[in-house]
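J.: Residues per chain are reported as follows:
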Amino acid sequence: MNAENLKSYEIYALGDSAITIEFGKYINPETNDLVISRFNQFQENPIKGVLDLIPSYHSLTLCYDLNVVAKQKSGLHSLIDQVKSRLEEPIELHTHSTQLHEVPVVYGGKNGSDLCRVSQEKGIDLQEIIRLHAEPTYRVYMLGFIPGFAYLGELNSKLTMPRKSAPQPMVPGSIGIAGLQTGIYPSFSPGGWNIIGHTDYPLLENGIPILQAGDRVKFIPLNQL
Amino acid sequence: MSLIIHKAGILDTIQHFGVKGLQSKGVRPGGVMDQFSASIANALVGNKLNEDLLEIHFPACEIIFTKSCLISIVGAHFSAKLNEKYLPLNRPILIPTNGKLQFVAPKSGRIVYLAIQGGLLGQGRLIKNSEIAFKKKPKLNTSSLHIFPWSADVHWQKYSPEIHVIQGREWERLNEESQRQFCCKPFKLSHHADRMGYRLQHQPFHTRTKEEIISSAVNFGTIQLLPNGQTIVLMADHQTTGGYPRIAHVISADLPKLAQKSPGDEIIFHLTDQETAEKEWVAQQKHIRQIQNISQLKLNEFFQKNSNQL
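If you're matching them up, the sequences are chains A and B in order. Sequential numbering of the first sequence, starting at 1, is according to my numbering. Sequential numbering of the second sequence, starting at 1, is according to my numbering.
Looking at chain A on its own, in the form it has when it is part of the complex (with noise of 0.2 Å):
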């Protein structure tokens, strides 16, 4: 774990028309809390031209209204401003729910294709890496990519694994990993992290995802390999 200066932030541009305040550099609980208790702040109390906010592991980025923020007498600037004086404001830290969801996987085999390459990249056997994965408890650090992907964190640094060179097809329950992180893709989309296993817990219901960031996932192994 990297203790963080909770107090220190940054803010960049992501193109003309978002900024991102980034809380700190690494994966970490209190950083997480921190951007959800700013994103609720800011959620509850809409800065004007802002028109969404998208929150991550350490990031809280805001997405304006280009007409009303360059017709402000110094454009970006003022709004940079405003956000630096909401970020004055003292805030009760948001501490994540207790929401604990129990996820079956099914490891390896032809919904977890990567798994092998992992094993030999990484030089570890099959079932030790099934039981690295599922060893933590996890916390959704944030929901992302597409409806209802969550990305949980943190993985066991020895899994760590760089994403694939392309984006490939995904179905739905693929559980894979990338870097410190770990998520379960909700649907058919592409994606570039590694696919291990499979599950059929449920991610949508009527389109609305059921973790939240938050919330605590643990991997129950289905299978020995």
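I should point out that these hints are in silico values taken from the structure, not numbers from a laboratory. If you're wondering where the values come from, they're calculated on a predicted model, not measured in any experiment. Glycine included, each C-beta is placed from N, C-alpha and C at the ideal position. Worth double-checking, as some hints may not be accurate.
On the chain A side, residues computed to face chain B include the following (Cβ under 8 Å) [said to hold, decoys possible]:
1) S17
2) A18
3) S56
4) A70
5) G123
6) G144
Distance windows between CB atoms, simulated [as the list claims (entries may be wrong)]:
7) A:K73 - B:E84: 54 to 64 Å
8) B:Q123 - A:I208: 32 to 42 Å
9) B:A283 - A:E30: 24 to 34 Å
10) A:G123 - B:L121: 18 to 28 Å
11) A:N206 - B:G122: 44 to 54 Å
12) A:K122 - B:I127: 25 to 35 Å
13) B:I127 - A:E205: 25 to 35 Å
Go by the hints and put chain B onto chain A.
T.: This is chain B only, laid out in the frame that chain A set:
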């Protein structure tokens, strides 16, 4: 009170101008690919600029109008024909009852917008035999085609290869040689190009570090660097977050131009800054609003004069 899709196209949709406020749930904003052409199309028929309209790719759908109405066609040049007569782009057009609209040959551009006065009901893909209802009952009734004598100035659609970008958070990851290549070398748009993203063709870029980044938000126009050194520009149906390095972002004012590029077309990126991006955007929006104001005046004038005949 509707139009009927007589024959389906490959990728034709009723489009909105993006859903805002749900990206925290992973719901992408979507919306039109070329906001400039779509806004002009709406302006020409007297609609609010962000009214829902048809977004059409080639091969395009064939449409039968069961009731006369006022339309405009803006964007790609697909040789639109109404009952065997060619229709011009960028003008208001009165379509007679039972008119049949076809797009027979792609000449330039990639996406065309069809706006209908009053707007359309419904959402999503246009399939064969689907019937799309008009939001408002058109008051017009004409049995002959009428092409209005004025047209919108769409010089913003200039089909030059220059696309302006702002540096991304991970720009510095590119090594010097790759940064130089990115800024001035012409690239080609690959065949992997759809509403989610346009992939580019070039020599692989090289980075100073292979360190993975933590997934974070992306935007319409974000240029991601894939691990194989290739790049993809995220388009209207982009995901909300991603973990590939964001080396640059296409400025909003140049997204329409990029959206209209077809596979094989050349693209040259130029670095610019936020201030220029804001200025370009403001100028483009001003141009659209001017067209909207003039169109409204001219349409009112026309309909007052011809109220007996329509």
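J.: Take the hints in turn and mark each one as holding or not.
T.: We went through each hint and held it up to the structure:
About 6 Å separates the beta-carbon of S17 (chain A) from the nearest beta-carbon of chain B, less than 8 Å, and the hint is met. At a threshold of 8 Å, the smallest CB-CB gap from A18 (chain A) to chain B is about 5 Å, leaving the interface hint in force. Proximity of S56 (chain A) to chain B holds as hinted, the smallest CB-CB distance being about 4 Å (cut-off 8 Å). Satisfaction of the interface hint for A70 (chain A) is found here, the shortest Cβ-Cβ separation to chain B being roughly 4 Å, below the 8 Å cut-off.
Against a cut-off of 8 Å between C-beta atoms, the interface hint on G123 (chain A) is violated, since the closest Cβ of chain B lies about 19 Å away. Given hint, G144 (chain A) at the interface with chain B, holds; its Cβ is 3 Å from that chain's nearest Cβ, closer than 8 Å. The hinted window of 54 to 64 Å between K73 (chain A) and E84 (chain B) holds, with their beta carbons roughly 56 Å apart. Look at Q123 (chain B) against I208 (chain A): about 18 Å separates their beta carbons, and that is not inside 32 to 42 Å.
At about 45 Å, the CB distance of A283 (chain B) to E30 (chain A) disagrees with the hint of 24 to 34 Å. Roughly 59 Å separates the CB atoms of G123 (chain A) and L121 (chain B), a value that falls outside the hinted 18 to 28 Å. Checked against the hint of 44 to 54 Å, the pair N206 (chain A) and G122 (chain B) fails, with Cβ atoms roughly 20 Å apart. Checking the proposed 25 to 35 Å range against K122 (chain A) and I127 (chain B) shows it is violated: the Cβ atoms sit about 47 Å from each other.
For the pair I127 (chain B) and E205 (chain A), the supplied restraint of 25 to 35 Å holds, since their beta-carbon distance comes to about 27 Å.
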